[in-house]
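Asks: One-letter residues, chain by chain:
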Amino acid sequence: MFIQIFFGYCALMITLSGILAISLRNPVHCVLMVLVLFFHMAGLYLTLNAEFLAAVQIIVYAGAILVLYLFVLFLVSLREELHLDAFIANPWIGRVIAGGLAAALLYVIPAFTLGEKGVWSVEAIKQVTHTKALGQEMYSTYLLPFEIGGLILLVALIGGLALARRDEGATEANAADEATTPLPAQSDHKEAAQ
Amino acid sequence: MQIQYKPKRGWLATIFQAEIVQGMTLTLKRLFSKPITRQYPDEKPKIRPGFRGQHALVRDPETGDCKCIGCMRCAMACPSRCIRIRSHKDKEPGSRRVIDCYRIDSLRCVYCGYCEEVCPVNAIVLTEVYEYGSYTRPSLYFTKEQLLANWDRFAAELDTPVEEYVNPFWRPRGLSEQDLPAPKRLPVSPEWSGEQQVVGRKWRQHHTPEQS
Amino acid sequence: MNILLLLVWIIILFAVVMLHVAYATYFERKIIGHMQVRLGPMRVGWHGLLQPIADGVKSFFKEDIIPANADRPTFLAAPIICLVAMMTSLAVLPFAKGWVLADINIGLLFIFAMSSLSSYGVVLAGWASNSKFSFLGGLRSMAQVISYEIAMGLSLVGVMLLSGSLNLSEIVEAQGNSILGMYLIPQCIGFFVFFISMLAETNRVPFDLPEAETELVSGYCTEYSGMRYAIFFMAEYIGMMVMASIGTVCFLGGWNGPFAVPFFPPLWFVLKIYLFMFIFIWIRATLPRYRYDQLMDLGWKLLIPLALANIVLTACLKAMIG
Numbered sequence: 001m002f003i004q005i006f007f008g009y010c011a012l013m014i015t016l017s018g019i020l021a022i023s024l025r026n027p028v029h030c031v032l033m034v035l036v037l038f039f040h041m042a043g044l045y046l047t048l049n050a051e052f053l054a055a056v057q058i059i060v061y062a063g064a065i066l067v068l069y070l071f072v073l074f075l076v077s078l079r080e081e082l083h084l085d086a087f088i089a090n091p092w093i094g095r096v097i098a099g100g101l102a103a104a105l106l107y108v109i110p111a112f113t114l115g116e117k118g119v120w121s122v123e124a125i126k127q128v129t130h131t132k133a134l135g136q137e138m139y140s141t142y143l144l145p146f147e148i149g150g151l152i153l154l155v156a157l158i159g160g161l162a163l164a165r166r167d168e169g170a171t172e173a174n175a176a177d178e179a180t181t182p183l184p185a186q187s188d189h190k191e192a193a194q
Numbered sequence: 195m196q197i198q199y200k201p202k203r204g205w206l207a208t209i210f211q212a213e214i215v216q217g218m219t220l221t222l223k224r225l226f227s228k229p230i231t232r233q234y235p236d237e238k239p240k241i242r243p244g245f246r247g248q249h250a251l252v253r254d255p256e257t258g259d260c261k262c263i264g265c266m267r268c269a270m271a272c273p274s275r276c277i278r279i280r281s282h283k284d285k286e287p288g289s290r291r292v293i294d295c296y297r298i299d300s301l302r303c304v305y306c307g308y309c310e311e312v313c314p315v316n317a318i319v320l321t322e323v324y325e326y327g328s329y330t331r332p333s334l335y336f337t338k339e340q341l342l343a344n345w346d347r348f349a350a351e352l353d354t355p356v357e358e359y360v361n362p363f364w365r366p367r368g369l370s371e372q373d374l375p376a377p378k379r380l381p382v383s384p385e386w387s388g389e390q391q392v393v394g395r396k397w398r399q400h401h402t403p404e405q406s
Numbered sequence: 407m408n409i410l411l412l413l414v415w416i417i418i419l420f421a422v423v424m425l426h427v428a429y430a431t432y433f434e435r436k437i438i439g440h441m442q443v444r445l446g447p448m449r450v451g452w453h454g455l456l457q458p459i460a461d462g463v464k465s466f467f468k469e470d471i472i473p474a475n476a477d478r479p480t481f482l483a484a485p486i487i488c489l490v491a492m493m494t495s496l497a498v499l500p501f502a503k504g505w506v507l508a509d510i511n512i513g514l515l516f517i518f519a520m521s522s523l524s525s526y527g528v529v530l531a532g533w534a535s536n537s538k539f540s541f542l543g544g545l546r547s548m549a550q551v552i553s554y555e556i557a558m559g560l561s562l563v564g565v566m567l568l569s570g571s572l573n574l575s576e577i578v579e580a581q582g583n584s585i586l587g588m589y590l591i592p593q594c595i596g597f598f599v600f601f602i603s604m605l606a607e608t609n610r611v612p613f614d615l616p617e618a619e620t621e622l623v624s625g626y627c628t629e630y631s632g633m634r635y636a637i638f639f640m641a642e643y644i645g646m647m648v649m650a651s652i653g654t655v656c657f658l659g660g661w662n663g664p665f666a667v668p669f670f671p672p673l674w675f676v677l678k679i680y681l682f683m684f685i686f687i688w689i690r691a692t693l694p695r696y697r698y699d700q701l702m703d704l705g706w707k708l709l710i711p712l713a714l715a716n717i718v719l720t721a722c723l724k725a726m727i728g
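Chains as they are written, first to last, in this note's numbering: chain A, 1 to 194; chain W, 195 to 406; chain V, 407 to 728.
No lab work stands behind these hints, which were simulated from the structure alone. The structure presented is a predicted model; accordingly, all values stated were derived computationally and were not measured. A couple of the hints might just be wrong.
Claimed, not checked - What follows is a list of derived Cβ distance ranges for each label pair:
(1) V:631 x W:325: 28 to 38 angstroms
(2) A:65 x V:452: 46 to 56 angstroms
(3) V:463 x W:257: 51 to 61 angstroms
(4) V:719 x W:215: 16 to 26 angstroms
(5) V:424 x A:139: 43 to 53 angstroms
(6) W:325 x V:507: 50 to 60 angstroms
To be verified - Looking from chain W toward chain V, a few residues come up when the C-beta cut is under 10 angstroms (computed):
(7) 217
(8) 218
(9) 224
(10) 226
(11) 227
(12) 228
(13) 229
All C-beta atoms, glycine included, are put in the ideal place defined by N, C-alpha and C.
Based on the provided sequences and hints, a complete structural model is requested.
Replies: This is how it looks when you write it as structure tokens:
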């Protein structure tokens, strides 16, 4: 009974804070709403006996990535510097795409089956603790996808570095403009933090 | 002179952060040393000779009034112009000027002691009283009566008899005996004098400063 | 019934921790005073013993000023976020065998999560105050916490590897048969990295850049006053105690001591925390503040590589021996 109420509360809060995150005017408030969202997602993981995932959700998403978002928000004066034109000119195209995505998600729902899959029943996970189960699966059965994921992140990191250092040749040309050179060095710290 | 900001050190000293350890041992040693704090209201500081505190007008034991003769020298010498004197002279010849009003704005005073030095009759004094703060400005704007009362209060707390009290500023430095007016040719304690001059503030050179 | 008992325990823990926070400030002022050949607080009570209580009463009754241009809800919430995050991490600390409110399997990760949450309080306080000093303090704290959290997490991986668990009680149990009953010696590199990042995480000297008094007035809490300022203070001191507890649990063997104490099992734990607190204060009395680029250099170029090397070394050693 308690689990159901907790799930309901988390689901409600996730929806609510998700909507608020895209509708509030102040970008910092939006980020805060995303923070609330992450917390309730961690709560949902807890109801699934996935405490490791819950903790990592908070540490990585709330503790590092969202802080970096906040960093960017603080350093960029949004009102003056960030004027994005609409990505797709016609709003109806966007609505159709969104509706299609929602329909696809709804279509997949009946494919869900309740209960455990494979050797990892709830009892088995509780016995070896979730952290160990996750580690064992990840580094044995799913080693290749894990490594591929790692490689993709590495590519992203190097890409970020390359983007940040793009105009190094230009700065060497006019050496007087040295004030800009420390900036790339800081930004790859941030990438590494991710 | 070469200043070396980053001293060279060996790899052992680098690993164990020798400078930080040095600093930490120093603070740890100080933790057990005796504090030098003076717990002020319970434990008052020792007043040194030449201290310049609250203003007072010396009460003449013969007349019971102040010794001031209304020469205006203190008012002229005062750098902050905080002394105001009004006086008149009686008709009968040979009489002293009568002081109607003698006021010191102690909030403007810079406690330089020039008024004491120039006063030919040693009428004004900066006493050793220093706890006279107040919440109102008018109470720090001393009138003649208040200044006399200040003297009485100070004299009552003095260890020595009032007659023997000599302020080092009454005997100015750097002047020979015959250049001084008679009341200022005062015998002063030997610990105030040095280099054939009477000094209030040079005593530190001759006496090693004691810790209090 | 069970919940009621738990509630009583929570209240006791809260009271004890608050008392410790109050007297940690007294302890700090006294020790720093004596290290600077002063006396420290002496007036309120015998040797100033009632000073923290007087301070608490004062800050409780002081006016709560909110700047006109502050972002009100965020401004009000920031200190609460700080305090709640820090108080929550107290729940998983094992004070002695069985003396723990919530014996969860991911205790260590939980504390990390909470400490990263508490940095939000600082950052938001800096942003919401709408003052440049606060804002700079918030930004600094953000960068500092992100960089040093990585070093800290990596430094504790060695302990996790050796003990094979994330549960704090199990970590302590696992230390029983190592040298001196603590991981300090096999994990000396880890402890070094942990100790430095612990100072940085709690914003203590020499890493107190977010609230550098000499440049930023008071950093992120410049605009705060009265009780809200006091809440930041409490959060900082609880944070110090939580970090000291992690250090004790992971490296100094938790409640294990040379001999068992009959009536008060957490004695050794408490003593080790006091030792950590003393070192915190001792360092504050000794060291000057780091420059900002030095701070980042230390974190990224020294501590993280060291921690990574420590992980590899520990893993190799464990694979060879065990």
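Asks: Of all the hints given earlier, name the ones this structure violates by number, lowest first.
Replies: none
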